[in-house]
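Take the two lone chains and join them into the complex the hints point to.
These protein sequence lines map, in sequence, to chains R and V.
Here the first sequence is numbered in the working numbering, starting from 1 and rising by one per residue.
Here the second sequence is numbered in the working numbering, starting from 310 and rising by one per residue.
What the hints contain is simulated information worked out from the structure, not anything from laboratory work.
Incorrect hints may appear among the rest.
Said to hold, decoys possible - DSS-like mimics (lysine-lysine), calculated; alpha carbons at most 30 angstroms apart, straight line:
{"hint": "1", "chain 1": "V", "residue 1": "Lys788", "chain 2": "R", "residue 2": "Lys209"}
{"hint": "2", "chain 1": "V", "residue 1": "Lys414", "chain 2": "V", "residue 2": "Lys434"}
{"hint": "3", "chain 1": "V", "residue 1": "Lys329", "chain 2": "R", "residue 2": "Lys129"}
{"hint": "4", "chain 1": "R", "residue 1": "Lys207", "chain 2": "V", "residue 2": "Lys802"}
{"hint": "5", "chain 1": "R", "residue 1": "Lys129", "chain 2": "V", "residue 2": "Lys709"}
{"hint": "6", "chain 1": "R", "residue 1": "Lys207", "chain 2": "V", "residue 2": "Lys804"}
{"hint": "7", "chain 1": "R", "residue 1": "Lys90", "chain 2": "V", "residue 2": "Lys709"}
{"hint": "8", "chain 1": "R", "residue 1": "Lys87", "chain 2": "V", "residue 2": "Lys329"}
{"hint": "9", "chain 1": "V", "residue 1": "Lys329", "chain 2": "R", "residue 2": "Lys128"}
{"hint": "10", "chain 1": "R", "residue 1": "Lys88", "chain 2": "V", "residue 2": "Lys788"}
{"hint": "11", "chain 1": "R", "residue 1": "Lys135", "chain 2": "V", "residue 2": "Lys709"}
{"hint": "12", "chain 1": "R", "residue 1": "Lys87", "chain 2": "V", "residue 2": "Lys788"}
{"hint": "13", "chain 1": "V", "residue 1": "Lys329", "chain 2": "R", "residue 2": "Lys135"}
{"hint": "14", "chain 1": "V", "residue 1": "Lys535", "chain 2": "V", "residue 2": "Lys377"}
{"hint": "15", "chain 1": "R", "residue 1": "Lys207", "chain 2": "V", "residue 2": "Lys788"}
{"hint": "16", "chain 1": "V", "residue 1": "Lys399", "chain 2": "V", "residue 2": "Lys370"}
{"hint": "17", "chain 1": "V", "residue 1": "Lys802", "chain 2": "V", "residue 2": "Lys784"}
{"hint": "18", "chain 1": "V", "residue 1": "Lys709", "chain 2": "R", "residue 2": "Lys87"}
{"hint": "19", "chain 1": "V", "residue 1": "Lys492", "chain 2": "V", "residue 2": "Lys354"}
{"hint": "20", "chain 1": "V", "residue 1": "Lys535", "chain 2": "V", "residue 2": "Lys556"}
{"hint": "21", "chain 1": "R", "residue 1": "Lys114", "chain 2": "V", "residue 2": "Lys329"}
{"hint": "22", "chain 1": "V", "residue 1": "Lys709", "chain 2": "R", "residue 2": "Lys88"}
{"hint": "23", "chain 1": "V", "residue 1": "Lys329", "chain 2": "R", "residue 2": "Lys88"}
Because the structure is a prediction, the values reported are computed rather than measured.
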Amino acid sequence: MQNALSLHAVTKRFGSFTAVSELSLEVPKGCIFGFLGQNGAGKTTTIRMVMSIFHPDAGSLSVLGHADAAQVKDRLGYLPEEKGLYKKMKTAEIVAYFGKLKGMDSSTANLKAKELLTRYGLGDWLDKKCEAMSKGMGQKVQVLGTIIHEPDLVILDEPFSGLDPVNRDLMKDLILDMKRQRRTVIFSTHGMEHAEQLCDYVMMIHKSKLQFCGTLAEVKQGRDLGIQLDYDGDGGIVQKLPGARRVNDNGKHAEIFLQSGVDPQEALRWLVERVRVRRFDYREPSLHEIFVRTVEEANAKLAAAGAGN
Amino acid sequence: MASKIFLVAQREYLENIRTKTFWIGILALPILIAISIGAGFVLNKLKETKTYAVVDLSVAKLAPRIEKQARSTDMAGLARLLAAKPDLAKAFEPIAKDFGSDLAKWKPTEGDGKQADHELPEELKDRMLEAWLQMPADDLARMAEGNQGLDTAKKFRLRSLQDLGVAELPVEEQQKRLGQMVKQGQLFAYFVIGADPTKSLEDFRYVSNNFTEESLRKWYGDAATKIVQNLRIAAAGIKPEVARTLKEEVRFAQKQSDETGTTKDVTVADKAGGFAPMAFVYLLWIAVFTAAQMLLTNTVEEKSNRIIEVLLSSVSPGELMAGKIWGIGATGMTLTLSWVLCAAGGYLIAESTIQGMDLSMFASAIDPLYLASFIIYFFFGYLLYAAILVGLGSVCNSLKEAQNLLQPVFIVLIVPLVSMMFIVQEPNGLFAKVLSYVPLFTPFVMMNRAGGPPELYEYAITGVILLASVWFAFKAAGKVFRVGVLMTGNPPKLKEILGWLRQS
Chain R
1 MQNALSLHAV TKRFGSFTAV SELSLEVPKG CIFGFLGQNG AGKTTTIRMV
51 MSIFHPDAGS LSVLGHADAA QVKDRLGYLP EEKGLYKKMK TAEIVAYFGK
101 LKGMDSSTAN LKAKELLTRY GLGDWLDKKC EAMSKGMGQK VQVLGTIIHE
151 PDLVILDEPF SGLDPVNRDL MKDLILDMKR QRRTVIFSTH GMEHAEQLCD
201 YVMMIHKSKL QFCGTLAEVK QGRDLGIQLD YDGDGGIVQK LPGARRVNDN
251 GKHAEIFLQS GVDPQEALRW LVERVRVRRF DYREPSLHEI FVRTVEEANA
301 KLAAAGAGN
Chain V
310 MASKIFLVAQ REYLENIRTK TFWIGILALP ILIAISIGAG FVLNKLKETK
360 TYAVVDLSVA KLAPRIEKQA RSTDMAGLAR LLAAKPDLAK AFEPIAKDFG
410 SDLAKWKPTE GDGKQADHEL PEELKDRMLE AWLQMPADDL ARMAEGNQGL
460 DTAKKFRLRS LQDLGVAELP VEEQQKRLGQ MVKQGQLFAY FVIGADPTKS
510 LEDFRYVSNN FTEESLRKWY GDAATKIVQN LRIAAAGIKP EVARTLKEEV
560 RFAQKQSDET GTTKDVTVAD KAGGFAPMAF VYLLWIAVFT AAQMLLTNTV
610 EEKSNRIIEV LLSSVSPGEL MAGKIWGIGA TGMTLTLSWV LCAAGGYLIA
660 ESTIQGMDLS MFASAIDPLY LASFIIYFFF GYLLYAAILV GLGSVCNSLK
710 EAQNLLQPVF IVLIVPLVSM MFIVQEPNGL FAKVLSYVPL FTPFVMMNRA
760 GGPPELYEYA ITGVILLASV WFAFKAAGKV FRVGVLMTGN PPKLKEILGW
810 LRQS
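Chain V with its partners taken away, still in its complex shape (with noise of 0.2 angstroms):
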């Protein structure tokens, strides 16, 4: 008996191994990942360089202050690529010179990069600015292209009036022509700074034509917000000390506690635990479904391929769909198996590759409690699934029909991805606990709330509900597959399926 239930298994293994289907299936899933993670990373990079002019009609001259502020955190990276490479540029040559000692302090060191741009003299950071702006386009360009730490030239570049040709035009006309080029595209945008801002920001404008992408505007609105907080401290004659200690902001430190009430930091890595069970839950959810829908598919595909009742003359119809569970469980596992592996690999590789990356926290998403109740909730899920699913897929006789069968279960199935936020945030929270004793839902549930972790006798108690359900889902699906394999016609109603399951 336990041979035949091998044999069927063995056949359905080896047929969905040989199908395209399924190594399409094996890769689709890291490729979509690998995408998506890329896809980002180089569109971030096609952005094009947004230009922009600034009409400044502060009686202050507020604008190359803005600009400063706004280019600051950019000035150490620039700071620090000059004193690895004096000869950058020619027009950072004389600075080089002048400022040789203090550029030498950003010499790049190992695990270097975390000086405040504070620390640079102002003057340096004024001439660099300078020389910067000075600079044409090609040159920043190129010079941004390949540098950490030049992000803003990379992002947006300053184009002055003069260089616009409007710079000698009476203000009305200078905007009207500036908002023609904005129009044309030759502009992203322009600003306009009002007169007084110590007292009224009413005539402040950005004049863009894209109302969708705001990263310039919010990026020159900060660094001008600076600019006019300092005036109005200084206008109302406030120390340049105590403003600054008014502006702080308060930060809990965030720390985490053990059992002796010690407490320590929380690192990346912590927080990243935190909610790696999001990433399993996921993963789970995807492996169960397809390897469910997959035996599905299989079994109304047999049945109307009218294979079924030449397979029962052989065996019986629980060694039938107990093969079939087990193949295609093992199908199921090994798709599973190979996107770890996938994931594995992507992370040896990103580790020799990618220097300087911070990859602990995809190390700690390795938990052992982790990767064995995925490994656990894997099995005992796709079972409970598995049994329902054959069920369902025994009395329909076309892929339709199973599809329309197959949505009350998707509306399920719904349920342990809505609530894999609120779960991975109260892990130990009345929802979370209520939910992990619902048998369709522990799976995915308690692998959710795996960062809290759950006590020693939830996971009993959810484990002994899971159990009994999938016996008996798999006695429920026996009986409605012993009838429903060879039934032709209309798919039973539920009325009749439940007369199935009241006779022996």
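Just chain R, same shape as in the assembly (with noise of 0.2 angstroms):
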């Protein structure tokens, strides 16, 4: 099958500054594919290579099966992590301008728009400024804006930031819809548990570093089991469990790695006696305590390259 997005060895540069180095990646058609890094770490900037927004300095890519995707502009969606609104003007206006400017002819625009708004809860905006919108609201009006045209490719940056829990699952639904249309939805976030909810595929920079990408399960794989723990009672003794390498407090719930050898089984018994349990699990590690020890890890090797010049 082919891909809805491949890179090979990209690489930005601004000036001084690496901000993408080699990447290479493969997004199969018809999969959510999540964009993991912290702050600064380039996603940003291989969203907009892929928007043809930058060019690369090197390495090459395909969009929809083209190289230039200028070409298939009007197939992608976009939303980027800034999103803006023409204030002045009305919602179903500007959801139809974006429409217009991915090619539609006006009519069937203007049409799409006002179908797309009411579907979405928004009918009693339709003729409503945007200044007067919540952000919620005028994140959702964003997004419809992204995907009137029914691009094949959707790409999604930071989508739940700043969203309420309702407008959270809403914009799940909007992904999981679109996924259902056999259309390509890539989307980068900080939210780990949506990664983990959501998407079919996950890959991760850090500092313009691709650290790894592949399935859920293929990302989880090999790694470290770790106990995930419910409790209720004080965190402190947690911190003291005899045998623990590793402890990701969090005052009710904790990720517990143990030093090799030590049984699982001990572990609860202990835990027993000292905090209530409520659940315990020992499973592959978190997206989270994935995303957080490969950052620990990079950090430790750069420094240790930097010792080592």
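In structure tokens form, the structure reads like this:
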């Protein structure tokens, strides 16, 4: 099957700063793909290259089978991290305007805009100006503007940021709807739970370099199993668990990794005596843990390389 | 591609003309001009009549003769008024009876009004002045109101010493009392005419506490000069005819010449035509600057709104920039055309309502060369400055930053304004020619020189330079825009911008 997107050793520099370094990845058609990474890791630059807003300094990419994304711009939908609307425009007008910019003819775009807004609960807002809307509503309008032309590949940069739980669910539904329609969705996020719940594939970049890429199962495979613990009681005690190599304590929930050879049964027994255990899971680590561990390891490697010089 | 530019331009245009600011902009200039014209007119009318008294110390009692001389400009107007309305005021009835036939000559006719006052019989003038000066102030004011040719009656009113109750006092006491009246505001000023003006003018005084309004002093002084001159001429035994020729000023009659060397008179319209380019330059300047600044504001706002990146996923930076420039250019054009329509409308209204007004000077401004220059130079001038400002706007994150960057542009733009008067006087001078070749000034200076007009080759060369500059500015702005528009944080340094320009 042809890939919706593939990058081959793509590099982008701004002056002496390398934003993306020799990045290669493949995004199969019809999947949901998560871009992970810290702020400034290079996610947005990568996305901008895909959208042909930037051009790579080295390497090549192929979007929907074309080397130059500009040729397929009308089949792409893009919601940038920094989202804005024309405050003075009416919601239906602006959604239709985005459609027209993607090559839809005027009357189709107008009809479709009204239909979409009504379907997603903004029917009363068709003739209201954007400046009157709340942030969540504004974001909804932006997403609808992104997908009005039924793009084959949708790229959402931080679609969940700043949304309340209800709107987050709505955004999730929207992404899943697109997958059902066999469209490809790429989104970047800091919320690991969203990635874990939605993504078929994830990749992570750190300081311009790819750290891992694959299906969730592939990414988690071979990693240390850990204890997922929900508890009530003194978190300080959990930290003292004998045989623990590493404890990520959140107060009510902790992720615990044991030294090799330590039996989780022993750990459970020790814990049950000291705190009230509500859930005890021994399983592969969370994406959150993988993310944090990757950052730490990569930084340590960089520091070692720096010391070696 | 072209259609995306059109979509962007269309949106810009529609959004702009929907704003209140746009309509205020359309109305502001004509209203401002109407107000400044109207205000001058009204303020002149509102000026209070200045009252003055005269202490005449001259042996020959010159005050009545000076008064008559000073009022002589109004006598023709008064005679015309009397001829039309013999029952104008009670004081004039006997005069109308005695001088009926003389007055009849002053009946207003078409195109009349240029007769000189010395054609009036001296006796008639004396009698009219006498009657006039004795009229109650209110009647005088009412008479002057709405009647042309009685200007001095509106502006200045003599109050006799009897009237003021100081006639019987000794001279020094008289002046003291008048001085008090000046201080209290009862009198605007009083004059003292010296004892023997044929010998010395030392005792002549003008006493007033207003030092800025000099019209009364000048008006009365001019009249007194003439009377004193005549006195001195008579004392020197020079015949009046000789004196008149001696006093005559040399005036070169103003003519213009055509290709064959034939000369003809220079009319008011011709003169106005020579200065008309200035008005166009001014309008051009405002139009270019308004539109270009609109573009800058719009770009910065859009950038700080974070909408740019959404747009860039659909259109290329080049298309976005071009769309903006055309859309706002169309807005500016609409604005300018509305002003031109307002001016034309105002002209038509003035022509039909104000009769006898010489509007030929305005008509001369509608020279095809001027209009064509205006439209063409607006177009290219706007494009040039639009490219520069859109480039500037794309690197700014806030309007405040933009204002700072705008300052150098503003300083450059001052040059054509400052040199406007100079160039209109010497449209083909070296300064004007040199300035024409500086692309940033070409539109304004060439418009300014249209009265010359410049040689055809100058139009050609400056035109090519201007076009090349517009092309170059667009290229450069496109590169800066492409990078700048997605930049946040501090605005880049000039060095960095130059670096972007060198990149492909």
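Hint-by-hint comparison with the structure:
For the hint pairing Lys788 of chain V with Lys209 of chain R, the CA-to-CA distance comes to about 28 angstroms; that is within 30 angstroms, so the pair holds. For the hint pairing Lys414 of chain V with Lys434 of chain V, the CA-to-CA distance comes to about 14 angstroms; that is within 30 angstroms, so the pair holds. A threshold of 30 angstroms between alpha carbons decides the hint, and for Lys329 of chain V with Lys129 of chain R the separation of about 16 angstroms falls inside it, so the pair holds. Distance hint between Lys207 of chain R and Lys802 of chain V is fulfilled; the C-alpha atoms sit about 26 angstroms from each other, no more than 30 angstroms.
Only pairs whose Cα atoms come within 30 angstroms are accepted, and Lys129 of chain R paired with Lys709 of chain V is accepted, the gap being roughly 26 angstroms. Simply put, Lys207 of chain R and Lys804 of chain V have alpha-carbon atoms about 27 angstroms apart, close enough for the 30 angstroms limit, and the pair holds. Proximity of Lys90 of chain R to Lys709 of chain V is assessed by CA-CA distance (about 28 angstroms); at most 30 angstroms being required, the pair is judged to hold. Between the alpha carbons of Lys87 of chain R and Lys329 of chain V the distance comes to roughly 15 angstroms, so the proposed pair stays at or under 30 angstroms and holds.
Proximity of Lys329 of chain V to Lys128 of chain R is assessed by CA-CA distance (about 18 angstroms); at most 30 angstroms being required, the pair is judged to hold. Taking the CA atoms of Lys88 of chain R and Lys788 of chain V, the gap is about 29 angstroms. The hint holds against a cut of 30 angstroms. Under the criterion of a C-alpha separation no larger than 30 angstroms, the hint pairing Lys135 of chain R with Lys709 of chain V is consistent with the structure, at around 26 angstroms. With a C-alpha separation of about 28 angstroms, the suggested pair Lys87 of chain R and Lys788 of chain V falls inside the 30 angstroms cut-off, and the hint holds.
Restraint check: the Cα-Cα separation between Lys329 of chain V and Lys135 of chain R comes to about 26 angstroms, which is no more than 30 angstroms; the hinted pair holds. For the hint pairing Lys535 of chain V with Lys377 of chain V, the CA-to-CA distance comes to about 11 angstroms; that is within 30 angstroms, so the pair holds. At most 30 angstroms may separate the alpha-carbon atoms for a hinted pair to count; Lys207 of chain R and Lys788 of chain V meet this at roughly 28 angstroms. A C-alpha spacing of about 28 angstroms is found between Lys399 of chain V and Lys370 of chain V, which places the hinted pair at or below 30 angstroms, so the restraint holds.
Between Lys802 of chain V and Lys784 of chain V the alpha-carbon distance is near 19 angstroms, which keeps this suggested pair within the 30 angstroms criterion. Proposed proximity of Lys709 of chain V and Lys87 of chain R is supported: the alpha carbons are some 20 angstroms apart, at most 30 angstroms. Taking the CA atoms of Lys492 of chain V and Lys354 of chain V, the gap is about 25 angstroms. The hint holds against a cut of 30 angstroms. The hinted pair formed by Lys535 of chain V and Lys556 of chain V meets the criterion: a straight-line CA distance of about 11 angstroms does not exceed 30 angstroms.
Distance restraint check for Lys114 of chain R and Lys329 of chain V: the Cα-Cα separation of roughly 27 angstroms lies within the 30 angstroms cut-off, and the hinted pair is therefore satisfied. Taken as a hint, the Lys709 of chain V and Lys88 of chain R pair is honoured in the structure, with Cα atoms around 22 angstroms apart against an allowance of 30 angstroms. Simply put, Lys329 of chain V and Lys88 of chain R have alpha-carbon atoms about 12 angstroms apart, close enough for the 30 angstroms limit, and the pair holds.
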